[in-house]
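S.K.: Now for the letters of each chain:
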Amino acid sequence: MKWLETDDVVRFNEVDEWGIAWHGHYMAWFEVGRMALLRRFDLLPRQMVELGVIAPVIRLKCDFKHPAVCGDSIIVRTTVIKPEIAALTFKFEVLLKENQRLLAQGETTQVFLTTSKKMIYRISGELAKRIDTLIRYCQKE
Amino acid sequence: MEEIINSNGKLCEFLKKMIIDTLRLEDITPGDIENEASLFKDGLGLDSIDALELVVAIEKIFNIIIEDEDVGKKAFASVNALAVFIQDGYQRALKN
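Protein chains in written order, with the numbering used here: chain A, 1 to 141; chain B, 1001 to 1096.
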């Protein structure tokens, strides 16, 4: 499985009163990874809208393994798996850059709706083509 | 399978078991599901993500495609509606 890596730094406004990264910010870091991957395959939110679809997240999981602190350089690793249903599942890992220590790992699942908010049961056409290319990229060793 | 599809009663029982197995519904037996009760909301309480899983199961088992929510709303109205939808799809496939 191939993971796309993006770098980030834990900012002052992302840590809590105890000096560690607040758990909700990991979702924002996941988003950085997700957008970097989607950008490569012309699947950014506005590009999905051009294809007549939106893709809301319907499931989010995250396991926190080790706390990050302000100033930590982190790596967000992102990949995609294709569930059997008409959806996309992203997997994420957040690592400490200096020693590759795993800080958190998570997963989100998105379904597809038409821009008029009707659920798509089967992905087809140009959207399917772009998603297939994305999946093939992520399946590479 | 043809024998099941041609009998509304057998098909309804088959579909109830398929729904329970596909969605891994615990504590529900086929006898708990009424043929005319809604599969969503006030009936069996399924949601739109459950519908996506049922679409895959139906395509695998019956080779019948449910394209989108518009078609799904009719097909998933009840077990009986789903049985009729599958029977219609099967008849159409035979003609083509």
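I should point out that these hints are in silico values taken from the structure, not numbers from a laboratory.
Some hints here could point you the wrong way.
[To be verified] Chain A side only, calculated, beta carbon under 8 Å to chain B, not exhaustive:
{"#": "1", "residue": "56"}
{"#": "2", "residue": "58"}
{"#": "3", "residue": "87"}
{"#": "4", "residue": "118"}
{"#": "5", "residue": "119"}
{"#": "6", "residue": "121"}
{"#": "7", "residue": "122"}
{"#": "8", "residue": "126"}
{"#": "9", "residue": "127"}
{"#": "10", "residue": "134"}
[Claimed, not checked] Pairs of lysine-lysine residues, derived as BS3-like cross-links and limited to a Cα-Cα distance of at most 25 Å, are as follows:
{"#": "11", "chain 1": "A", "residue 1": "117", "chain 2": "B", "residue 2": "1010"}
{"#": "12", "chain 1": "A", "residue 1": "61", "chain 2": "A", "residue 2": "2"}
{"#": "13", "chain 1": "A", "residue 1": "118", "chain 2": "B", "residue 2": "1041"}
{"#": "14", "chain 1": "A", "residue 1": "118", "chain 2": "B", "residue 2": "1074"}
{"#": "15", "chain 1": "A", "residue 1": "82", "chain 2": "A", "residue 2": "97"}
{"#": "16", "chain 1": "A", "residue 1": "118", "chain 2": "B", "residue 2": "1010"}
{"#": "17", "chain 1": "B", "residue 1": "1041", "chain 2": "A", "residue 2": "117"}
{"#": "18", "chain 1": "A", "residue 1": "129", "chain 2": "B", "residue 2": "1060"}
[Stated by the list, open to error] Facing chain B, according to a computed beta carbon distance under 7 Å, are these residues of chain A, among others:
{"#": "19", "residue": "67"}
{"#": "20", "residue": "84"}
{"#": "21", "residue": "85"}
The C-beta atom is built at its ideal place from N, Cα and C for all residues, glycine as well.
S.K.: Run the distance test for residue 1041 of chain B versus residue 117 of chain A: straight-line Cα separation, threshold 25 Å.
M.R.: holds (18 Å)
S.K.: Can the restraint linking residue 61 of chain A and residue 2 of chain A be considered satisfied, given a maximum Cα separation of 25 Å?
M.R.: Holds, at about 20 Å.
S.K.: Return the status of the interface hint for residue 118 of chain A: holds when the least beta-carbon distance to chain B is below 8 Å, violated otherwise.
M.R.: holds (4 Å)
S.K.: Hinted pair, alpha-carbon criterion (25 Å max): residue 117 of chain A, residue 1010 of chain B. Please report holds or violated.
M.R.: Status violated; Cα separation ~35 Å.
S.K.: Is the interface hint satisfied for residue 58 of chain A? The criterion is a beta-carbon contact with chain B at less than 8 Å.
M.R.: holds (6 Å)
S.K.: Taking 25 Å as the top limit, are the C-alpha atoms of residue 129 of chain A and residue 1060 of chain B close enough?
M.R.: Roughly 22 Å between the alpha carbons, so the hint for residue 129 of chain A and residue 1060 of chain B holds.
S.K.: Given the proposed pairing of residue 118 of chain A with residue 1041 of chain B, does the C-alpha separation stay at or below 25 Å?
M.R.: holds (17 Å)
S.K.: Hint check: is the beta carbon of residue 126 of chain A less than 8 Å from a beta carbon of chain B?
M.R.: violated (16 Å)
S.K.: Answer holds if the nearest beta-carbon of chain B is closer than 8 Å to that of residue 87 of chain A; otherwise answer violated.
M.R.: holds (7 Å)
S.K.: When you check the alpha-carbon spacing of residue 118 of chain A and residue 1074 of chain B, does it fall within 25 Å?
M.R.: Measuring from Cα to Cα gives roughly 14 Å; hence the hint holds.
S.K.: Residue 118 of chain A and residue 1010 of chain B: Cα distance at most 25 Å?
M.R.: violated (32 Å)
S.K.: For the restraint on residue 84 of chain A, tell me whether the closest CB of chain B is nearer than 7 Å.
M.R.: Holds: closest Cβ of chain B sits about 5 Å from residue 84 of chain A, inside 7 Å.
This entry does not satisfy hints 1, 8, 9, 10, 11, 15, 16 and 19, going by the numbered hints stated previously.
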